[in-house]
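As they're listed, the protein sequences go chains A and B.
Here the first sequence is numbered in numbering that gives the first Met the number 0, starting from 0 and rising by one per residue.
Here the second sequence is numbered in numbering that gives the first Met the number 0, starting from 0 and rising by one per residue.
Worth flagging that the hints you see were computed from the coordinates, not collected in a lab.
None of the values given here were measured: they were computed from a predicted structure.
One should not assume that every hint holds.
[Stated by the list, open to error] In silico lysine-lysine, DSSO-like type, Cα no more than 30 Å apart, as pairs:
1. B:Lys242 <-> A:Lys103
2. B:Lys111 <-> A:Lys103
3. A:Lys101 <-> B:Lys111
4. A:Lys53 <-> B:Lys278
5. B:Lys3 <-> A:Lys93
6. A:Lys93 <-> B:Lys282
7. B:Lys282 <-> B:Lys3
8. A:Lys101 <-> A:Lys30
9. B:Lys232 <-> A:Lys93
10. A:Lys71 <-> B:Lys24
11. A:Lys23 <-> B:Lys266
12. B:Lys111 <-> A:Lys53
13. B:Lys145 <-> A:Lys71
14. B:Lys266 <-> B:Lys278
15. A:Lys103 <-> B:Lys145
16. B:Lys145 <-> B:Lys203
17. B:Lys266 <-> A:Lys87
18. B:Lys113 <-> A:Lys101
19. B:Lys282 <-> A:Lys71
20. A:Lys53 <-> B:Lys24
21. A:Lys103 <-> A:Lys93
22. A:Lys53 <-> B:Lys145
23. B:Lys61 <-> A:Lys21
24. B:Lys124 <-> A:Lys53
25. A:Lys89 <-> B:Lys266
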Amino acid sequence: MNLIINNSSMTPIYEQIVSQMKEKIMSGQLKPDAMLPSVRTLSKDLRISALTVKKAYDAMEQEGYIVTVHGKGSFVANVNPNLAIEEKQKEVEKIFEQGIRKGKECGMTKEDMMELFDVVLSDF
Amino acid sequence: MLLKLEHVKKEYDSFKLDCSLEVKKGQVTGLVGSNGAGKSTTFKSILGLIFPDEGNIELLGKDISAITASDKEEIGVVLTEANVCEYLTAKDLIPIMKAMYKDFSTEDYMDKCKAYGIPLKKIIKDFSTGMKAKLKVILAMSHNAKLLILDEPTAGLDVIMRNELLDMLRDYMENEERGILISSHISTDLEGLCDDIYMIANGKIIMHEETDVLLSEYGVLKLTKEQYETVDKAYILSSKEEKFGYLCLTNQKDFYMENYPEIAIEKGNIDDFIILMEKGVRK
Numbered sequence: 000m001n002l003i004i005n006n007s008s009m010t011p012i013y014e015q016i017v018s019q020m021k022e023k024i025m026s027g028q029l030k031p032d033a034m035l036p037s038v039r040t041l042s043k044d045l046r047i048s049a050l051t052v053k054k055a056y057d058a059m060e061q062e063g064y065i066v067t068v069h070g071k072g073s074f075v076a077n078v079n080p081n082l083a084i085e086e087k088q089k090e091v092e093k094i095f096e097q098g099i100r101k102g103k104e105c106g107m108t109k110e111d112m113m114e115l116f117d118v119v120l121s122d123f
Numbered sequence: 000m001l002l003k004l005e006h007v008k009k010e011y012d013s014f015k016l017d018c019s020l021e022v023k024k025g026q027v028t029g030l031v032g033s034n035g036a037g038k039s040t041t042f043k044s045i046l047g048l049i050f051p052d053e054g055n056i057e058l059l060g061k062d063i064s065a066i067t068a069s070d071k072e073e074i075g076v077v078l079t080e081a082n083v084c085e086y087l088t089a090k091d092l093i094p095i096m097k098a099m100y101k102d103f104s105t106e107d108y109m110d111k112c113k114a115y116g117i118p119l120k121k122i123i124k125d126f127s128t129g130m131k132a133k134l135k136v137i138l139a140m141s142h143n144a145k146l147l148i149l150d151e152p153t154a155g156l157d158v159i160m161r162n163e164l165l166d167m168l169r170d171y172m173e174n175e176e177r178g179i180l181i182s183s184h185i186s187t188d189l190e191g192l193c194d195d196i197y198m199i200a201n202g203k204i205i206m207h208e209e210t211d212v213l214l215s216e217y218g219v220l221k222l223t224k225e226q227y228e229t230v231d232k233a234y235i236l237s238s239k240e241e242k243f244g245y246l247c248l249t250n251q252k253d254f255y256m257e258n259y260p261e262i263a264i265e266k267g268n269i270d271d272f273i274i275l276m277e278k279g280v281r282k
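Build out the structure end to end from the sequences listed, making use of the hints.
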C-alpha cells in the first residue's frame, strides 16, 4: 500500500491514512473485495504505531468503506458511488462554512457575501 | 495481558518507586523518563532481580512468585549493562542458547545474524557498538519469547543502526501473540514503534497515553505573559516559565487552535512533553 504519511503535519496520522485510503477506494485504485494489508504490516511499512493504523481501519469500517472479517483481514467494501459525490459535497460545504465564518467576523452582511460569491463564480 | 504491575513499590535511601503499568498482547509499550527516574528499577522488579517492598507483578498471566524456569523462557531480555562473554563468537553462543532455551532456533538465529550483518566467526570483543547491540536484540528474539523486555536497546547507536534495530522489532511483532516493553532516551524511536507510552519521573508514572493521541492531540503552546493570564487553562497539563513568557503542555491542541488563533502552537514531540511534565508546574 503506497501511502505518504507526513509526520510533521498538524493533521493526525490516522486521518491522513483514512483520507488517502478513501481516495484510493473512490478512484477505483482499490477495487471492492481487495484485501488491505494487516494492521501490523501497514504499521511496519509506515513506521507508525499499530494502534494508529487500527484507529484508521476502525474509522473506515464505521463509515462503510471497508469490512473486517475476524481472523481473515480487512477488505474494501462495495462502496456506493453516490457516497463519493456526497463526500466531496461535504468538503465543499466545509470550505463555504469557513468562508462565511470569516466574513461574519469582519462584519460582512449576507448581501455582501452573496455579491462576492457571484463575483468569484463568474471567474470560472 | 502479558505484563501487569500494580503499585509496585521499592524504597531506597533517596529514591522511592511506585509504578503501575500494563503490556497487552500485540502491543509495544514504551517507558520514558530521565536518568534515575526509575526505569531500570522497574525492569529489575519485573525480572525478579530485585524484590519490591509492596505491590503485585503479573507476568504472562501468573503472579511473579509462581513463575517457573520454563515460563522464563517466554521472556526475551536486553539490559543495558548485561553483555555476553566478549571472548566468544556469535557461533559459540549457539550451544549455550540451545541448552538454555527449548525453543531456540539455530537456523533462525543464523539467518538473522546474516540478515543484520553479524559475523558468526568474529570474536564479540571486536564488534562495533552497533553490532553488539544488534546481537543482544537478536539473542532476545531467538527463542520465540512472548514478551520482550528491552532496556534502552538503542542506546549509543547511530540513526541508521537504530532504524535497523527498530525494524527488527517491528518484524518480531507481526506475530500477534507477542508484546514488547521498551525504554529509550530517544523519543523518535518510540514515536514510530510504540502503541502506548508511560512517562516516569521520580519513581512515579506521571503520564500514560496512546502514542497516537500524544502525537495528534497533545501540543505545546507558546504564550506571552499577557496571553498566559487570559487563556483558558482547562486543558493545560503543565506550564513552565520562560524568558518570553510561558511554555504550556496541552492535551487538547485543537481547542486552543480554534479558540485562540493568535497563539503559537507547536505539535511538539515526546521530548518536549517530558521536559514540560518534569520541569514544568503540573496541574
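Taking the hints in turn, this is what the structure says about them:
{"no.": "1", "hint": "B:Lys242 <-> A:Lys103", "in the structure": "violated (37 Å)"}
{"no.": "2", "hint": "B:Lys111 <-> A:Lys103", "in the structure": "violated (63 Å)"}
{"no.": "3", "hint": "A:Lys101 <-> B:Lys111", "in the structure": "violated (59 Å)"}
{"no.": "4", "hint": "A:Lys53 <-> B:Lys278", "in the structure": "violated (34 Å)"}
{"no.": "5", "hint": "B:Lys3 <-> A:Lys93", "in the structure": "violated (45 Å)"}
{"no.": "6", "hint": "A:Lys93 <-> B:Lys282", "in the structure": "violated (36 Å)"}
{"no.": "7", "hint": "B:Lys282 <-> B:Lys3", "in the structure": "holds (27 Å)"}
{"no.": "8", "hint": "A:Lys101 <-> A:Lys30", "in the structure": "violated (40 Å)"}
{"no.": "9", "hint": "B:Lys232 <-> A:Lys93", "in the structure": "holds (29 Å)"}
{"no.": "10", "hint": "A:Lys71 <-> B:Lys24", "in the structure": "holds (19 Å)"}
{"no.": "11", "hint": "A:Lys23 <-> B:Lys266", "in the structure": "holds (28 Å)"}
{"no.": "12", "hint": "B:Lys111 <-> A:Lys53", "in the structure": "holds (29 Å)"}
{"no.": "13", "hint": "B:Lys145 <-> A:Lys71", "in the structure": "holds (22 Å)"}
{"no.": "14", "hint": "B:Lys266 <-> B:Lys278", "in the structure": "holds (19 Å)"}
{"no.": "15", "hint": "A:Lys103 <-> B:Lys145", "in the structure": "violated (59 Å)"}
{"no.": "16", "hint": "B:Lys145 <-> B:Lys203", "in the structure": "holds (27 Å)"}
{"no.": "17", "hint": "B:Lys266 <-> A:Lys87", "in the structure": "holds (28 Å)"}
{"no.": "18", "hint": "B:Lys113 <-> A:Lys101", "in the structure": "violated (61 Å)"}
{"no.": "19", "hint": "B:Lys282 <-> A:Lys71", "in the structure": "violated (46 Å)"}
{"no.": "20", "hint": "A:Lys53 <-> B:Lys24", "in the structure": "holds (14 Å)"}
{"no.": "21", "hint": "A:Lys103 <-> A:Lys93", "in the structure": "holds (15 Å)"}
{"no.": "22", "hint": "A:Lys53 <-> B:Lys145", "in the structure": "holds (21 Å)"}
{"no.": "23", "hint": "B:Lys61 <-> A:Lys21", "in the structure": "violated (44 Å)"}
{"no.": "24", "hint": "B:Lys124 <-> A:Lys53", "in the structure": "violated (43 Å)"}
{"no.": "25", "hint": "A:Lys89 <-> B:Lys266", "in the structure": "holds (27 Å)"}
In summary, the structure is inconsistent with hints 1, 2, 3, 4, 5, 6, 8, 15, 18, 19, 23, 24 from the numbered list given earlier, while agreeing with the others.
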